[in-house]
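Student: Heads up: the protein sequence lines correspond to chains A and B, in order. Sequence positions in the first sequence follow my numbering and run 1 to 195. Sequence positions in the second sequence follow my numbering and run 1 to 363.
I should point out that these hints are in silico values taken from the structure, not numbers from a laboratory. Backbone N, C-alpha and C fix where the C-beta goes; we use that ideal spot for every residue, glycine too. Careful, some of the hints might be misleading.
As a list, the in silico SDA-like pairs of lysine to any residue whose alpha-carbon atoms are at most 20 Å apart [unchecked claim]:
#1 K168/A x E318/B
#2 K136/A x E318/B
#3 K136/A x G189/B
#4 K4/B x K151/B
#5 K97/A x R322/B
#6 K311/B x K53/A
#7 K136/A x E314/B
#8 K124/B x I79/B
#9 K157/A x G189/B
#10 K53/A x K253/B
#11 K253/B x G189/B
#12 K99/A x R322/B
#13 K136/A x K311/B
#14 K157/A x R188/B
#15 K136/A x V323/B
#16 K157/A x E26/B
#17 K157/A x E318/B
#18 K222/B x P85/A
#19 K311/B x R140/A
#20 K56/A x L346/B
#21 K97/A x R319/B
#22 K53/A x T337/B
#23 K157/A x E315/B
#24 K222/B x R149/A
#25 K151/B x T140/B
Computed list of chain A residues with no C-beta within reach of chain B, every gap over 10 Å [said to hold, decoys possible]:
#26 I14
#27 L16
#28 V80
#29 F122
#30 K136
#31 G163
#32 I164
#33 F169
#34 E171
#35 A172
#36 E175
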Amino acid sequence: MSVLYFQPIGFDDIPLIHRIADRIGRYLRVDVRVGRKIELPPYSFNSSRGQYKSLKIMDYLIRYTKALPNNVKIIGIVDVDLYSPFLTFVFGEAQFKGKVALVSTARLNGIPDRSKIENRLFKEILHEIGHLFGLKHCHRSSCVMAFSRNPEEIDMKGKDFCGICFRKFMEAISEYEREGISEKMEDRLLQEVYP
Amino acid sequence: MIEKRILVINPDINEQKEICNSLKEEGYIVETSHRLFEALYIMRDRHFDCVIMDVNLPDMGGAQAIQVLRELHPHTKIIATTSNNSKMLELTIRAQDVFYYHIKSFGMEELKQAVNALFAHLKKQEEKDRKRCPHLKTVTMTYCNVAPVKKMIPLESVKTPSPCITGKYETCSFYIDSIGGLYLEEIRGFQIKRGLYYTPSHLWLRPELNGIRIGLDDFARKLLGSFTGIELPLRGALLKKGEEAFTLICGGKSVSLLAPFDGRVIDIHESLINDLEPLNTDPYNEGWLMVIHSLTEQPIKGALFGEEARKWLEEDIERLHRVLGTEVGIGLTDGGTLIHNLHSRLNENQWNHIINLFFKRRG
Chain A
1 MSVLYFQPIG FDDIPLIHRI ADRIGRYLRV DVRVGRKIEL PPYSFNSSRG QYKSLKIMDY
61 LIRYTKALPN NVKIIGIVDV DLYSPFLTFV FGEAQFKGKV ALVSTARLNG IPDRSKIENR
121 LFKEILHEIG HLFGLKHCHR SSCVMAFSRN PEEIDMKGKD FCGICFRKFM EAISEYEREG
181 ISEKMEDRLL QEVYP
Chain B
1 MIEKRILVIN PDINEQKEIC NSLKEEGYIV ETSHRLFEAL YIMRDRHFDC VIMDVNLPDM
61 GGAQAIQVLR ELHPHTKIIA TTSNNSKMLE LTIRAQDVFY YHIKSFGMEE LKQAVNALFA
121 HLKKQEEKDR KRCPHLKTVT MTYCNVAPVK KMIPLESVKT PSPCITGKYE TCSFYIDSIG
181 GLYLEEIRGF QIKRGLYYTP SHLWLRPELN GIRIGLDDFA RKLLGSFTGI ELPLRGALLK
241 KGEEAFTLIC GGKSVSLLAP FDGRVIDIHE SLINDLEPLN TDPYNEGWLM VIHSLTEQPI
301 KGALFGEEAR KWLEEDIERL HRVLGTEVGI GLTDGGTLIH NLHSRLNENQ WNHIINLFFK
361 RRG
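Input sequences plus hints: build the corresponding full structure.
Tutor: Right, dumping it as structure tokens:
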């Protein structure tokens, strides 16, 4: 059984996460769970930049979910402005072929249009899931794995993987499903991590 | 587009059949005619790449027939055949710029070889033409009757400001203007200027009359950060491909970039030594570094141009994000642009790694 966990971190709009989880679940045909909200680690804030360091939140998430096996993917969702040491800001960051990814809505709402923000968040989460399953950035501008520098560029890219990325994704996910996690393990996880 | 169409003009029916069958076996489309005027009538409606004509035709013969054919169909190649060879005849026919002079007694195989060679030549010519400047046309000039020469001249619709100085039309300023100029294009926060050549080590090259002007591209400028110093070679210095050519100092760290080809420095941007602002703000124009007179025949061989350069830069940006994300940090990111003064955030090892990866390629 394939499981993705969406973890709200200091994020209040839980119904939005549920809607996205539902869409992602239907699109990827995987089981997507939404965890209970946890608070942001205060040490992740960099006062000189006025932003939160994505790596520190990811590190916190890794420790928080260390009971989960590697083939369970966790996507943290925050509403604060994230940065990576060498970039001005990031919409999201993911461990390449890893376990944890992080997405922020802080920079997604350039236009106060609810459906637009929802679509942008959907694309960004799908993009980071792609990285978790070993996809790199795609040079096709219509592919959801294309790099975007600003919200407008997110709007310009499609909501789907291109043919090549989709094939790679399906290969990776079938591998992931083969490894799987047992029902027993999943029960334990739900008790320990998501009580 | 070459269609491999041949017209055989020969009064002898048996010979005509033999040539026709033999060429059809080779995959050519062959039509036949007994006389020159019949042939000209056929050629009014249909195009032929090649005409194989006997020089002794009943209605007109020898060089005169070739002249008539050449006048009406200047692009059709001619192979002349004869069974009565003489030194005089050969000289007269060859003077008409025929592709091949075939003596029938040498056999059908030789004729076939000549036809194959002709079509190989046409194919090569076609490929060459495809790479030709769209503002030029080829004309055959006859300064004397013996040796017509082909020349490339500008089309009537074009008034070139100066004659072409380079066979590489893609770098010609007139051509560049005609396709919309040397415009800047942005790729994921980095600018690339169309119409320039780029080395894999992020230098731009612009061929000019005396030499090749070089400078740093926007990727190098942004990655290396604000420059505080520069060491340029002296005028007249000899540079060897792959060896250090100049040094940039950026925030206490220095980086030496390599010469892209063998050459002699004929000019340097001296004012940069006192004021590096142009390099920091306008790397593609005012920020040029030096002009090198190449000592090799193809100095820009291996340099990237146009769409190829665009793809290369895209790949390098992706590589940079991956390097900063995986080897220095942890993962892949989406969003944002590279911070200014990256060097100040990198330790010595990370800096050296970036320099070796992007600026020390010996392409």
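Student: Check the structure against each numbered hint from earlier and tell me which ones fail, lowest number first.
Tutor: 4, 6, 10, 11, 16, 30
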